[in-house]
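Participant: First to last, the sequence lines map onto chains A and B.
Counting from 1 along the first sequence, just add 16 to a position and that's the residue number in the working numbering.
Counting from 1 along the second sequence, just add 1 to a position and that's the residue number in the working numbering.
Note that these hints are calculated values from the structure, not bench results.
Incorrect hints may appear among the rest.
No more than 30 Å apart at the CA atoms, straight line, and that leaves these computed lysine-lysine pairs for DSBU-like [to be verified]:
(1) B:Lys-80 <-> A:Lys-64
(2) A:Lys-64 <-> A:Lys-92
(3) A:Lys-62 <-> B:Lys-14
(4) A:Lys-64 <-> B:Lys-58
(5) A:Lys-62 <-> B:Lys-39
(6) A:Lys-64 <-> B:Lys-60
(7) B:Lys-86 <-> A:Lys-64
(8) A:Lys-64 <-> B:Lys-78
(9) A:Lys-71 <-> B:Lys-80
(10) B:Lys-17 <-> A:Lys-64
(11) B:Lys-86 <-> A:Lys-42
(12) B:Lys-14 <-> A:Lys-49
(13) A:Lys-71 <-> B:Lys-78
(14) A:Lys-101 <-> A:Lys-85
(15) A:Lys-71 <-> B:Lys-14
This one's a predicted model, so the numbers in the text were calculated from it and none came from an experiment.
Next come the chains, spelled out residue by residue.
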Amino acid sequence: MEYKIVSEEGCLRTVEFGVSLEDYNKEFNAAIKQAQAYANLPGFRKGKVPANIIKQRFGDSLELEAIEKLANDIFKSYTTDENVKLAEQPSIIDINKDGDPITVKIRFEMFPNVELKNFKGLLIDEPYHQVNEEEIDHSILHIQIDNSTQEEAEEITDEFFAVEMEVFQKNEDGSVIDHPNPPIDRVFLHDHHVDPEIVTLLMNQKVGYEFDYTNKDQNKDFKLKIKAISKYILPELTPEFIKSQTEDRLESVSEFRDEINFSLQEKWHQNAEEAMRNQVIDKLLEMHDFPVPTSTVLNVAQSMFEDYKKRMKQYYGSMKLNFEEMKDKFMVDATQAVKWEFIRDAILEQEKIEVEDYDIENQFSQFLGGMDAAQIKKVVMDNPNLKMQLLSQKLFEYIIDFAEVRSVDFNGNPLETPSMGIEEDTPVAEEVK
Amino acid sequence: MLDIIKRPIITEKAMKLGENGQYVFEVYPEANKIQIKKAIEDLFEVNVVSVRTLNVKGKSKMRMTKRGIMKGRTALKKKAYITLKQGQTIELVTGAAGE
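Throw the hints in and build the complete structure from the sequences for me.
Facilitator: Rendered as structure tokens:
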């Protein structure tokens, strides 16, 4: 098979193939014969149209068909011999029928050949945070707020009050814009999103109290009037309450605090893992420089845009979003994502990392409780996303195992030892270690 | 010439006749054999041995309209069978088919 690389730019390649005239004639005649069998022309019975009539009527398209078929066969063996993985459908861009052989130029985008650099021994920061009593108090308070009851009150005495206020906007000259049915705004004073100035202004006030307020973000003046006050009655940390929150597992406050401590510590741990995974991705992307197929990047960018559109629609209702206007932004992220996938696949292949039975069991047995091991394995192996999720996890663990890991806090400041601040004898500390 | 010859008739039958040096053309009904012979000889630079013609009556057609049933006929056609001098051919691959 003869071929010549005409041009190569990034992942885009144009190759010229030669198709011998003899092969072409054979294929063309076969195409005519095939067309004769089903050609239906007035004046002729089906299958009785002479070859020269077929050639005259449909010659051009049959000629193209024959060349395309031969070019496809040649291109297929070219991709197999040269181990070319296609990123998109190849297209014939030029056919030169003068001479023997006939030359066909085919353009296609292919997957890059990733030459892996040494990824063993990366310097990775492992962030660590020790949960403190204040965080546990804060978390318990939130649970109490979520389970609180409300009762009508006359006066605001602390932050555990919700206030309904009538909102009147003011003109630039300070006069109030009168409104027969002014909008009602409800604020919970403990909510950290509420402007502290409003909390201060409302403290120790009663229903009917009116005050002026300037929203500094919007640069607008308002007159606010308290319409109703309700007090949050927080539940006591009684054994019954703790039991109700822990599905009857725990009842003492100390056990409850330990459990919260554990779940908070677990969250920090997950954050740390994610931070480490991001570092692995960033470092590997930095180490490897290779072109990525534009068609693949464009597809990924489009699906990213669709996701974004869906999320925006969920939060803000219908929005007019145009891919072309936002393309540049998404293309940057999509390029990185595609590049990472190539690096990931290359490492998985080089290191022969595969999904093993125990990986499936560890990861999914708790979610797919009703199934036996064989069923769970089938579910996972039949689902490319689940399989890739497992492989990615294994890959990160593999790279981090070989990495030089430095303990830092979540601000990036080095810690002396990874277990710094953990009390050896507490059960929570044991779990973390 | 083009006022005499309308089109070559390309059908299975005509193709078969073509093997024996006979070709079929649709001609204008007013054209006579002499005119047809001359036209073919000038158009294809061949020698015509014989011309046989036949008139094809138009088919009667009927259609239902708001104003009742309309009856009519399709146009009359004239065909000419041309025999060429032995060894001469005409490349008849163009034109509409239908006899």
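Participant: Tell me, which hint numbers fail for this structure?
Facilitator: 2, 5 and 11
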